[in-house]
Amino acid sequence: MAESFYQSYGVVVALLIGGFGLVAVAFTAARLIAPRRQTAEKLMTYECGIDPVGEGWSQSQIRYYIYAFLFVIFDVESVFLFPWANIFVRLGYQAVVEMAIFVFVLALGLLYAYKKKVLQWV
Amino acid sequence: MSLPLTPFIVLLPLAGAAILLLTGKRWPGSSAGVLASTLVGGSFVLSVITLFGLLGRSGSDRLAVTHLWTWIHVGTLTVSVDFRVDPLSIVMAMTVTGVAALIHVYSIDYMQGDPRFPRFFAYLNLFVFFMLTLVLADNFLLLYLGWEGVGLCSYLLIGFWFERRAAAFAAKKAFIVTRIGDSAFLIGIVFIWLKFHSLSFATVFGRAHGLASGTATIIALLLFAGACGKSAQLPLHVWLPDAMEGPTPVSALIHAATMVTAGVYLVVRTHPIFEASGTALTVVAVVGIVTAIYAGFSAIGQDDIKRLLAYSTISQIGFMMFGAGVRAYAAAIFLLVTHAFFKALLFLGAGSVMHALPGDETDMTSMGGLRAAMPITGATWTIAALAMAGIPPFAGFFSKDQVVAAASGAGRYGLWAAALFGALLTAVYISRATFLTFYGKPRFRGHPHEPAFRMRLALVLLAMGAFAGGALGITATNGILAKFLRPVVGSVAEATHGLSELWLAVVSVVVAMVGIGLAAFVYLGKVDWQALRVRFAGPKRLLQRGFYVNDAYNGLLVAPGQAAAAFLAYVFDARVVDGAVNGLGTLFRAAAGAGRRVQTGLVRNYALGVLAGAVGVLVYLAVRF
Amino acid sequence: MLALSILAQAPPATPQTATGHGPLIFTPVAPELILVGVALILLLYDALEPQRPHLALALATLAGIAGAAAYSVYLWFWVQRPDSPSSVLQGMVAADRFTVFFRLVILGAAFIATLLGYLYLERAGEVRGEYYPLLLFATAGMTLITAANDLIMVFLALEILSLSLYLMTGFSLRRLASAEASMKYFLLGAFSSAFFLYGIAFAYGATGTTNLPAIAHKLSGQVGPLALALGATGLLTVGFAFKVAAVPFHMWTPDAYQGAPTSVTAFMSAGTKVAAFAAFLRVFDVALSPLVWDWKPFVWALAAITMVVGGVLAIAQTNIKRMLAYSSIAHAGFILVGVTAASRQGIEASMFYLAAYAAMIVGAFGVVMLVSVRGERNLNFSSYAGLARRDPFLAAVLAVFMLSLAGIPPTAGFIAKVSVFEAAVQAGHWPLVLIGVLTSVIAAFYYIRVIVLMYMQEYLPGQEETEGLGREPVGRIAVAIPALLTLLFGVFPGVLFGLLKAASVIRF
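Protein chains in written order, with my numbering: chain A, 8 to 129; chain B, 176 to 800; chain C, 182 to 689.
Hints in this document: simulated from the structure, not taken from any laboratory. Do not take every clue at face value.
Stated by the list, open to error - Under 10 angstroms between C-beta atoms, here's a sample of chain C residues computed to sit facing chain A:
1. L205
2. L221
3. L224
4. L225
5. A228
6. L229
7. E303
8. E307
9. V308
What you are looking at is a predicted structure, and each value in this text was computed from that prediction instead of being measured. Here a beta-carbon is modelled for each residue, glycine too, at the ideal position from N, C-alpha and C.
Next up, chain A with everything else stripped away, as it sits in the complex (with noise of 0.2 angstroms):
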């Protein structure tokens, strides 16, 4: 059982070399090939659009961070959803139910974030 066991993530491993030097051989062929012309524009970090302004490390405004929050609700609830969808109807009215329970508290928790004034831009 082990061997087998090994054997199988043994694909894996060559799925890993594969795909490494796939890039790899694209990297060096274009490396090989393409023509090289280095300009002050060309070597900022952007090369479109509005010259950066001071460093890369910055600190971002906390209150992003309610933004995070929903978005790890929502993303974990519609995980959820998902595989639920495909066979609730074979799991019939429980799984129903259940999932009601699993959407109410979440709306729960967004009923408490908009009373307590989360959700407005201070």
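Start from chain A and add chains B and C according to the hints.
Then chains B and C, alone, in the frame of chain A:
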């Protein structure tokens, strides 16, 4: 089969202590004292009922163990909270509760007006609780618990007036000196555990006879060392005379019913171990009789009435130990019971006298002729003194006579003679105290008066006990008590040697009379005893200071101890210990300091720690794999 | 194979039957449903009703906890019915007395913590309603983890309780230390969760299931190389060791305990440890019992290091919350001694220890909170000088806890230590017992020091605030109950051991 009331005998005083400790200040006036006395009295009543329960059975059936709960059950060690009721423990319980109840009643008036009145009764109740735990315990650990508890309570009570330096000091001394014995006792218990893999009495005593005599001697002597500490036997007796600093009822309680009798009880209870040894019994007898004579001499030299009584207690306990040592266990317990009555009576009498005289006078040379002013106190004291001296028909006569006679009956005439001499000394010192205090010419100041009603009541009740207690054991072999105790301590050996019982009694009485006569000749006759005091100042001081044993301890043990402590503190500690003991402390502190430095407060370092630990675990597993 | 004797109590369930479609039985998780239900209601109530009285929130919380406890008591009898399943919800949740016992311990701690929390918020003037729902969520996570019969469930419950506790740790918005503690706890907690999750993945890789009995079944039949299973063992150990604060995964503990509001510290020091150990016992003595000879050595080492480091580091502390934090680390070591024994006796001893520990640590932090008067003050040892004179009640109660933490009779701590040591000796781990006894002696030093300070030193009036030293009856009750329990378990340990006889069998 158990007797259902047994736990309540113990629990009533505990309840009293708990109530008074928690809500003491809420009890107005003397109600706290009334409550405490009622509970201990209730305990006594329950003991009596339990006694009848026991009497209702045949002799060999008189044992009831009440299992309350299993305290520790870990692996092979099982210790239960079990109370054992058998003739020995019920006699002890009745003595303890009976005498203690009377002392409680007496204390209500004696302690009147003390700012910590409820607290005093809480401690008294706690004292009784621990003493009852001690005598009713069915295994060594529970007995030890009571034993330590008694020590703790004596500390609290002797130092009750802790504002007085002497009281605080005496309390500490009592605690430390008895601790020496306690440590030996604890080691003895560990030995018993190692030898028998059990601490329950039934198992240990059932198998004690199979003990090798060397082992038995070691265990027995360790137990006896504990008994010496609690019962103030040589050489651990020094705490008792100082313990007078406590309130007088406390002295009465310590001397009569609780604490000091614990050692005698222990020896009698564990007598199978002592008998397995034999040698240990001889040690007990010798230590007992030497203590009795030593303390008898010392008592003669005392002028302080309470110190005299203290030495007399040491001496009487010595007699009890002696009795146990010559296998007259029933007689030893008999003496313990009668002694509880007359000694409590003497102490309470002394307390009444102190209360009556200005400034709580305790010097007997400033008393004399108090009989006229305090007839009840005088009469009850005289009864107690006659009992103690061993004059028939008072209780002390029978009990002491049986202890003394047991030595003769066993053919140990040397010990018998020594015991008789001790009895002579007893008669001398107690009559001296009686004559100096209540008879002769008045030398006191102020206007003494009889104490309050409840104090008088306690005195009279105790006097009745001291008078009639002898009925428990008119003869050594067939006395009520001896017969009752037979299932526990075995039957009293028939006298195979020496004089017949009657003649022994006659000798005893004669000795007692001689002692009293001697004291009367000096203190009531024409002799100018005050001049004698001056002429024999040297020997007098020798006796008064108890042969300088205490001073010798101070000189030999305490002072060098202190010097050594000073040396250690200022020289040794500063140099050597810095490198050793302190070094260890420094090591720990340094380690802790280093640990603190690791605790940087930076999350990344903490995470590193977690990672390092994880790597450690995984590397171990990888290596193992 | 010692632990296999425990395994033999019931035939191991195969994954097929565990995952079959049976009726959904919610009875064994009803306590959690009650807790979460009350929490949701309180959350809404707090949001929708700005004028909500503080007392109502606290009372509703207490009612919820009491309801959950009452239901747990019902479960105690329910699980013994012949027709009741050993696990429900497709093998996710175990139904046995083991979990009921731990639930009751945790609910007790939560009850006390609610009383303390009410007082803390009132005094500190930080009355915000989220406290109670968070506490209930955390409690639900804790009780759920004791019943978790599947590694996924363990992880889920672990996260429920952790997330709630991160927030509670940072509950004091005005104090920077509180926020800092919360942040540290959160980051490190997430870090350790990753290890734990990785361990679950390994376990699944090794056996193809995450169901605990099924894992045990698979592993006991396996004879080939166990690389993945061993990896799982190591990584799960890291995850649990972090939660129970075993050295070297302990470093968050002093900072988090010190920074958190004291009422929260009281709650999490007791609750988290009990919950995490319950799962630890179940995972290691059920799922990983076939590997007992592999995990024993490093859990052994973990116990030894934890006892020593926790015991020694506590000496250097001058802040009583930090001292107690290190003491709780050291106690984790002692409990690990019982876990290492990996026997029925060891499980029983560990369970007793946890119950005793929960009572004394929640009480000790409770007294600290009462002495702090308002928020976080008077935390230095010097504030405890002469406490006996200023407040004899608090001093006496704290003395009981200190004696118990030091393991001195007649307190529960003594019996607890004796029983884990006895179990370890029976299992042949006497060097561990030796280390334990030595560290106990060292540890006694700083516990006794507190007692000496309280009773034998005069209070020197300094900057510390002393007026209003916790006279509220709520606070008194909250510390008196654990003190009584500490004494009760010390004098009548049979009461608890009687329950443990029935509760130390893990059904599956």
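Quick rundown of the hints versus the structure:
Taking 10 angstroms as the C-beta contact cut-off toward chain A, the hint placing C/L205 at the interface holds, the least distance being around 6 angstroms. Given hint, C/L221 at the interface with chain A, holds; its Cβ is 6 angstroms from that chain's nearest Cβ, closer than 10 angstroms. The closest approach between the C-beta of C/L224 and any C-beta of chain A is roughly 6 angstroms, which is under the 10 angstroms cut-off, so the hint is satisfied. Look at C/L225: its Cβ gets to within about 6 angstroms of chain A, closer than 10 angstroms, so that hint holds up.
Nearest Cβ of chain A to the Cβ of C/A228: about 4 angstroms, under the 10 angstroms cut. The hint holds. With a least beta-carbon distance of about 6 angstroms to chain A, the hint placing C/L229 at the interface is held under the 10 angstroms criterion. The interface hint given for C/E303 is broken, as the beta carbon of that residue sits about 22 angstroms from the closest beta carbon of chain A, more than 10 angstroms. The restraint placing C/E307 at the interface with chain A is violated, with a minimum CB-CB distance near 16 angstroms, outside the 10 angstroms limit.
Interface hint status for C/V308: violated, as the beta-carbon distance to the closest one in chain A is roughly 15 angstroms, over 10 angstroms.
Figure legend: structure checked against the earlier numbered hints; hints not met, in rising order: 7, 8, 9.
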